[in-house]
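Assemble chain B with the ligands onto chain A, guided by the hints.
So the protein sequences, as listed, match chains A and B. Just so you know, the first sequence maps onto residues 1 to 376 in our numbering. Just so you know, the second sequence maps onto residues 1 to 259 in our numbering.
Source of the hints: derived by calculation from the structure; they are not laboratory data. Just to be clear, a hint being listed does not mean it is correct.
[Stated by the list, open to error] Just a sample of chain A residues kept apart from chain B, beta carbon distances all over 10 angstroms, derived:
#: 1; residue: Ala32
#: 2; residue: Leu45
#: 3; residue: Ile63
#: 4; residue: Arg99
#: 5; residue: Asp109
#: 6; residue: Met177
#: 7; residue: Met262
#: 8; residue: Phe264
#: 9; residue: Trp295
#: 10; residue: Val313
#: 11; residue: Ile317
#: 12; residue: Leu359
#: 13; residue: Ala362
[What the hints assert, rightly or not] Calculated Cβ distances over 10 angstroms to all of chain A for the following chain B residues:
#: 14; residue: Asn88
#: 15; residue: Thr103
#: 16; residue: Asp183
#: 17; residue: Asp188
#: 18; residue: Lys250
[To be verified] Facing chain A, from chain B, some residues (calculated, C-beta under 10 angstroms):
#: 19; residue: Pro15
#: 20; residue: Val19
#: 21; residue: Pro43
Even for Gly, the Cβ is constructed at its ideal location relative to N, Cα and C.
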Amino acid sequence: MSNVTLYSISYDLSHAVVFAVGSLAYGSWRAAIDSNAVVTTIAVLVFAVILLAASMLNTIVLIWYERKLLGRFMDRRGAMHVGYAGLLQNFADGLKLFRKHTFAPREADDLGFYFGPTAYMVSSMLIFGILPISSGWNSGALPLSLLLALVIFSFAPLFIFVSAWSSNNKYSLMGGMRSAAQMIAYEVPLLLAVVAVVLVAGSFDLSTIVYEQQNYWFWGPLVVALVVFVAAMLAEMERIPFDLPEAEAELVEGWNTEYGGMLFAFFMLADYLRALVGSILVVLLFLGGWTLPTWVPSAATSFPLAGIFWFMVKTYIVFGLFVWVRASLPRVRTDQLLRVGWNRMIPLALLSVFLAALLVSARCLPVFGCVPSLGG
Amino acid sequence: MTEELTATEKPSDNPVLYVARPMATAARQFAKSLLRPSTIVYPYERLEDPKFREQVQVASGKPIGVGAVWDNYRGVHALNIATCISCNLCAFSCPDLCIEMVTVPGGDPKHAKKCPEIDYGKCSYCGFCSDACPEGCLTMTTRYELSTPKRSEMVYSPQKLYEVYRTKLPMNPIRLERPANEDSILLDPPLCIGCNACARDCPTQCITMLEIPKPTAKPGEKLPKRIWKEPVVNDSDCVRCGTCVSVCPKECLFWGSRR
Ligand code: SF4
Ligand code: SF4
Ligand code: SF4
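Only chain A is shown next, with the shape it has when bound in the complex (with noise of 0.2 angstroms):
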């Protein structure tokens, strides 16, 4: 296994150009600048900007895939003109959304109206400081992660309404309205489907979690909590069947009917971010994070990055399954879904839970296996 990270990618880096500006400087000003302090910060600081462009970059990907994929669901071929495949068609969308002058509706609150983009902008990409995407990965070396990422990923719903209220039109306040209203009827289920996940491995920390997955991936044995899981999370992300915020047809773009120009990109953006997000949550709690199973050659997990290779494919494919859902089922009413939440998600997910204690109490599986810490 090679022992190149990211995190020692970008500490060479800083390693490199912190010594090539020593070099330049003399006496006690060589030793200030040349000491690990120095290295160590600008290090972080390169991987927090690294971090930050890969994730841009991926939403803008994602956009792109998501794109072909629909495309392909529904008979057409997506974007195909700028770039190979249509590959750049969302930096060109992305520089035109840029140049756009951003109008504010004169009776909207300002306050409200340019802090709830940005906030929900922030918001989500604050997670991804705390999602381990490799082993090695100690940016989201913190005990209580899996908790703080989904305490991040509800705060939208909060800066949803607060700029669909300043906005000042019932279009958009309506779908602030629907997302709080969505919010609470998912959050319950899908915590209590991360609950399942925590009982097995018995951690709060997404490392430990991806970790205890390394004799089976969680998805076998909790496949209810899966369900439930992937399902909430749908309605988290707010994409179809469950974008009722947005409802394109009923509410003329939902919240962010008054935004534009940037703002809007900001919304887009954020969209993604969270899908993303969603999507790696996924595939952290239940496919095993990075890991692959013993029986892959080793040379598939041997090369360079590989874990963060092998984690991006599985994200790619699960966000493939959020658009094949997408693609095929039509969006459900504000009743079918508040019911569907509480009638039917929160007890397949307190059956998820019970489930998880048997399996702890059972320690070891049959076909599947032992929970490491678990005594297996």
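Then chain B with the ligands, alone, in the frame of chain A:
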């Protein structure tokens, strides 16, 4: 494919089937679209290409663009300037008044050659002009690409229409079935002053001015001041464009049946 995607398929009450069935349909569609997409990548691939005309099918056994629709397509006009006789019939028959007759080089000094200039911003592709053209030099082609960033480029000069003619695209000479025009140009002799305007402007040069005997004036009667000639129309050469009728200063030419 159409049989599988009937609209009558009702959503199931079973929650598992409710989700699973549409997903299966979508997956089938996805696979089909990957292997055999229903769309072509238009500016790069075209339906004119026989390869795609056969490949892309609306329903089984019914390729797009083959048969009546394509062969009867009315697109941009093609104009053969050489055979145009400047009869004005195309402009006359256009319901949208989008044809203007503009002078092109090649006419004689007395009788300028005028050919149609078509404003595609107004044209409704009815084909009346092509139908009316007596010489068959204005036809409609299968060209359909007209988008341009400038409105002025929507106006096709005769030269540009001639360029279209030279591309040798499939032409669609529109000939509506209808009884031939039996009417002829008739003259109301007492009104004619023999001015030669009709003979000068007749695009087919089928009017000849024939001398008529100058009557001897009776005493006290004043002979009209005129040239003692009268137009005679060669009916088999006349394309019935009506130019003579409209240029006659005395309105003495008219349409009528010889019978
Ligand atoms: S096709 Fe019809 S509308 Fe167009 S120029 Fe000819 S007569 Fe006019
Ligand atoms: S109808 Fe034909 S011959 Fe007459 S002016 Fe038009 S194009 Fe020329
Ligand atoms: S209608 Fe008159 S101008 Fe036209 S071809 Fe006949 S005689 Fe000539």
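Hint check:
1. Ala32: holds (60 angstroms)
2. Leu45: holds (43 angstroms)
3. Ile63: holds (19 angstroms)
4. Arg99: holds (19 angstroms)
5. Asp109: holds (40 angstroms)
6. Met177: The claim stands: Met177(A) keeps its Cβ more than 10 angstroms from every Cβ of chain B (closest is about 27 angstroms).
7. Met262: holds (27 angstroms)
8. Phe264: Holds, because the least Cβ-Cβ distance between Phe264(A) and chain B comes to about 27 angstroms, which exceeds 10 angstroms.
9. Trp295: holds (27 angstroms)
10. Val313: For Val313(A), whose nearest Cβ neighbour in chain B is about 19 angstroms away, the distance exceeds 10 angstroms, so it holds.
11. Ile317: holds (14 angstroms)
12. Leu359: holds (23 angstroms)
13. Ala362: holds (27 angstroms)
14. Asn88: At roughly 44 angstroms from the nearest Cβ of chain A, Asn88(B) sits farther out than 10 angstroms, so the non-interface label holds.
15. Thr103: holds (42 angstroms)
16. Asp183: Since the minimum Cβ distance to chain A is about 55 angstroms, Asp183(B) lies beyond 10 angstroms and the statement holds.
17. Asp188: Consistent with the label, Asp188(B) stays out of reach of chain A, its closest Cβ about 66 angstroms off (over 10 angstroms).
18. Lys250: holds (64 angstroms)
19. Pro15: holds (7 angstroms)
20. Val19: holds (7 angstroms)
21. Pro43: holds (8 angstroms)
Every hint, counting from the list given before, is met by this structure.
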